[in-house]
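Residue numbers (the working numbering), protein chains in the order written: chain C, 1 to 463; chain F, 464 to 926.
By construction, these hints were calculated from the structure, which means they are not laboratory data.
Treat the numbers as computed from the prediction; the structure is a model and nothing was measured.
Don't take each hint at face value.
[What the hints assert, rightly or not] Here are the simulated lysine to any residue pairs, SDA-like style, with alpha carbons at most 20 Å apart:
hint, chain 1, residue 1, chain 2, residue 2
1, F, Lys486, C, Gly395
2, F, Lys856, C, Asn282
3, C, Lys6, F, Ala555
4, C, Lys35, F, Leu924
5, F, Lys872, C, Phe116
6, F, Lys921, F, Val911
7, F, Lys872, C, Asp113
8, F, Lys486, F, Ala828
9, C, Lys393, F, Asp576
10, F, Lys498, C, Asp31
11, C, Lys434, C, Glu378
12, C, Lys393, F, Asp494
13, F, Lys486, F, Asp756
14, F, Lys879, C, Leu111
15, C, Lys6, F, Gln880
16, F, Lys856, C, Glu378
17, C, Lys23, C, Phe140
18, C, Lys23, F, Asp576
19, C, Lys23, F, Asp494
20, F, Lys820, C, His110
21, F, Lys879, C, Arg34
22, F, Lys717, F, Ile705
23, F, Lys872, C, Ser115
24, F, Lys904, F, Glu878
25, F, Lys486, C, Leu30
26, F, Lys498, C, Gly395
27, F, Lys676, F, Asp756
28, F, Lys706, F, Glu750
29, F, Lys897, C, Asn282
30, F, Lys665, F, Leu731
31, F, Lys681, F, Glu694
32, C, Lys202, C, Pro76
33, F, Lys522, C, Pro76
34, C, Lys393, F, Ile635
35, C, Lys393, F, Glu750
36, F, Lys665, F, Thr767
37, C, Lys6, F, Arg572
There are 2 protein chains.
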Amino acid sequence: MAKSEKINFSTPSGFPEFLPGEKRLEVYLLDTIRKVYESYGFTPIETPAVERLEVLQAKGNQGDNIIYGINPILPPNRQAEKDKAGETGSEARALKFDQTVPLAAYIARHLNDLSFPFARYQMDLVFRGERAKDGRFRQFRQCDIDVVGRRELSLFYDAQMPAIIAEIFDAINIGDFLIRINNRKVLTGFFSSVGVEAEKIKSCIGIIDTLEKVGEAKVIQEFEKEGVLAEQTQKIIDFINIKGSVDEVLDKLKYLAQSAQEAEIFNLGVTELETVISGVRNLGVAENRFCLDLSIARGLDYYTGTVYETSLVGHEALGSICSGGRYEELVGVFLGEKMPGVGISIGLTRLMSRLLKAGILNPLAATPTQVIVVNVQEDLMPVYLNVSQTLRKAGINVVTNFEQRPLGKQFQQAEKQGIQFCVIIGSEEAAAQKAALKDLKTREQIEVPLENLAEAIKQRLAP
Amino acid sequence: MAKSEKINFSTPSGFPEFLPGEKRLEVYLLDTIRKVYESYGFTPIETPAVERLEVLQAKGNQGDNIIYGINPILPPNRQAEKDKAGETGSEARALKFDQTVPLAAYIARHLNDLSFPFARYQMDLVFRGERAKDGRFRQFRQCDIDVVGRRELSLFYDAQMPAIIAEIFDAINIGDFLIRINNRKVLTGFFSSVGVEAEKIKSCIGIIDTLEKVGEAKVIQEFEKEGVLAEQTQKIIDFINIKGSVDEVLDKLKYLAQSAQEAEIFNLGVTELETVISGVRNLGVAENRFCLDLSIARGLDYYTGTVYETSLVGHEALGSICSGGRYEELVGVFLGEKMPGVGISIGLTRLMSRLLKAGILNPLAATPTQVIVVNVQEDLMPVYLNVSQTLRKAGINVVTNFEQRPLGKQFQQAEKQGIQFCVIIGSEEAAAQKAALKDLKTREQIEVPLENLAEAIKQRLAP
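With the rest of the complex left out, here is chain C (with noise of 0.2 Å):
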């Protein structure tokens, strides 16, 4: 057969592709976030890969993201439809950046058929056409929750995303976490409580958010560009410094309010605040894996209530693992209509690439299979057949190997790739009805009628 040489068959830079193995570790990963989404009645939905162009538009215009468009190739003999297939103009169509904008346009279209509030997870992929750099990638899963109200949304909501992370970090295992949580218009209602106009108020928050990457001598900088009166600016950085306790941060926030009681906003956010964090405790999240940060902000522009992230303690550089806030006035764009809601994002290809690279988490075995029925004697391949279809139903996930190969070389194989029994069926087994299973962990191997063998091999796999 010959070799097609001049095709460069690697994927295309920022597309990622994973081993089985990891693979296997992102199914794990996306399951056990399912469960825990389903748990507080988050219903899946998926919405196409595929928007029209101004709709991908219609909230800030895209923002920074570069969107990849669409266009139809012909095949070489059906060139002279080309006319037809174009589809540009208002028919323009582009792969999607982001879940957020889609989830607008899926509840425009399905208003009357969604019951309010809608809580919905999607874990699609998503695609932006930004340089591919370490870490960064072109495509990814982002497996985001949003809750969404008509009009209103009650502070539990907000309460259960705190949640609803601790959750699904605790069953990934990954060590240490800490969710920050912080609240915008304590931020907005701080910065105009000491004179920062209205107008710069959205940009200072962007700076903000900036400090952990960049340091708070390049905030200061930034702040003096903007124009902050250097006072100011310094009871901004004491603001977001204040450190302490849950309870010692609401304090000092509680009584910052009192003293301030012009800041309707900084108000509002206080107490905003404090029911989320009495609903953190009414749901039983440790007091050791969330924390008030004033100093967390979020880059995005729509947030309007309580914002959250998430460190992993000891990999602080990773950034954010969980992120997440309320906003007001972005689902209803297509709508008209005011439909607050709040929704976390865990970026997972990101994530998993990282945790892996980091060694916190390792790839799975790079099969399901947890039995190899080896190949003894091709005459009894009935019996192979047969034993491997009994062990199936009995919801055990097994190979039967139809190569005819040494059995040591078959074992070795089995072993490779992490597969922990075999199943040995020679002439005089067959005749007993009975097998040798050998454990491969443990080296151990015993005889099993084959109808004790399912049950066997059950009690015996790792958990």
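Mind docking chain F on chain C? Use the hints.
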């Protein structure tokens, strides 16, 4: 909030989107299919949605498919980067239109990290720029398995495919189905034995493939156009119409093989079919689930041996619900190595959408929620949150109602969403550490101590 009046927020034509109950059905089908695939040791992989265009065109030059190319669209504030962002020519990229060429590329990319025979499943979205007709999508999910060998691959892998198909369609409970098995070598060999020239055989197989759609008269016409003699055509028509039990058809084939011993390829095909059928039987596939059907040809060029189609009995117009076959020269295309494979594909998006339309499948409930903790009085919220968490820890999917609404409304909404249970706790119940548990299906309401609530619900949950 202003409505973006001019935006057409509908999905682009051919890009499907499902309501929550339909998406939940898809998730259930994917889980079921995955479980069966994994029970035979198939391991998950996912190749990027985007490949280099030259990779997608490597085999058969994209066939008849319209591929979607992708091109970066810069945000207005970054137009200056235009030159750098454009990636065209040898860097041209496009969305994958099937999972076969990407599998070949995956194997080429990771050859030394994979174990052979390499058995993988893949359930990714693929994209084709076809005109969107009824039931035809431009974005759809295919659930494929293939097992690929280096140089050789046992025919028992071919025998496993009908076992896998049967298990999946038995599990999803869509009624009677029939797996129709044939072998391309039998067809090729027979065509050759009646005197059809070698170079016409592929198109003749293509014509046979259209039989069910266009009928016998049209097939005879097409053979005539192809220059096949009427006498040859008659023999072919008689041949593909051979009917009977599996053993009857096999016997006829063996008889034909004996009387035409010079037709090596035919005889090889018959031997292969025999081996495959004996494997299918050893795997315990019920006799009413499969047949030999000599009119099954499969349109795709690359099949070289066993081929499969699956009909839903009584709904044959739906077309094949699972198809596949054996191929020799497909997967090694990037390596210049012979890598025989055998695989099947379930076109899940199309299948599900057609089964929903035909009423053979129904959407699931719109939410995974099993229990609503209703909101009787706001000041008991700490109790509601605590009870909800206890139920979740027991593996139950729970929504706490944060909105204060009349109880009747709360029951109504729960029922509308298909939620089975309401937990009702007023101040009396809270004081007595009890709850009222209302089953919305049976209308039964009982009192349960809070400590037994999870158990009581789990016992009563519909399976």
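Has the given pair, Lys486/F with Leu30/C, been kept, meaning a C-alpha gap of at most 20 Å? Roughly 16 Å between the alpha carbons, so the hint for Lys486/F and Leu30/C holds.
Can you confirm whether the C-alpha distance between Lys872/F and Ser115/C stays at or below 20 Å? holds (13 Å)
Regarding the pair Lys393/C and Asp576/F, is the alpha-carbon distance no greater than 20 Å? Measuring from Cα to Cα gives roughly 31 Å; hence the hint is violated.
Starting from Lys665/F, check that the Cα of Thr767/F is at most 20 Å away, please. holds (11 Å)
Against the 20 Å threshold, does the CA-CA distance of Lys904/F and Glu878/F hold or violate the hint? holds (8 Å)
Next pair to validate is Lys498/F with Gly395/C; report whether the Cα-Cα distance is within 20 Å. Holds, because 9 Å separates the two Cα atoms, which is no more than 20 Å.
Compare the distance between the alpha carbons of Lys665/F and Leu731/F with 20 Å, and conclude whether the hinted pair is satisfied. holds (18 Å)
CA of Lys434/C to CA of Glu378/C, is that 20 Å or under? Roughly 17 Å between the alpha carbons, so the hint for Lys434/C and Glu378/C holds.
Hint check: Lys872/F vs Asp113/C, CA-CA at most 20 Å. Holds or violated? This hinted pair holds, its Cα atoms lying about 17 Å apart.
For the pair supplied as a hint, Lys486/F and Asp756/F, is the alpha-carbon distance within the 20 Å limit? violated (35 Å)
Lys486/F paired with Gly395/C [C-alpha distance capped at 20 Å]: At roughly 26 Å apart (the allowed maximum being 20 Å), Gly395/C and Lys486/F break the hint.
Keeping to a limit of 20 Å between CA atoms, is the pair of Lys23/C and Phe140/C held or broken? Holds - the C-alpha atoms of Phe140/C and Lys23/C are around 13 Å apart, at most 20 Å.
Figure legend: structure checked against the earlier numbered hints; hints not met, in rising order: 1, 9, 13, 15, 16, 21, 32.
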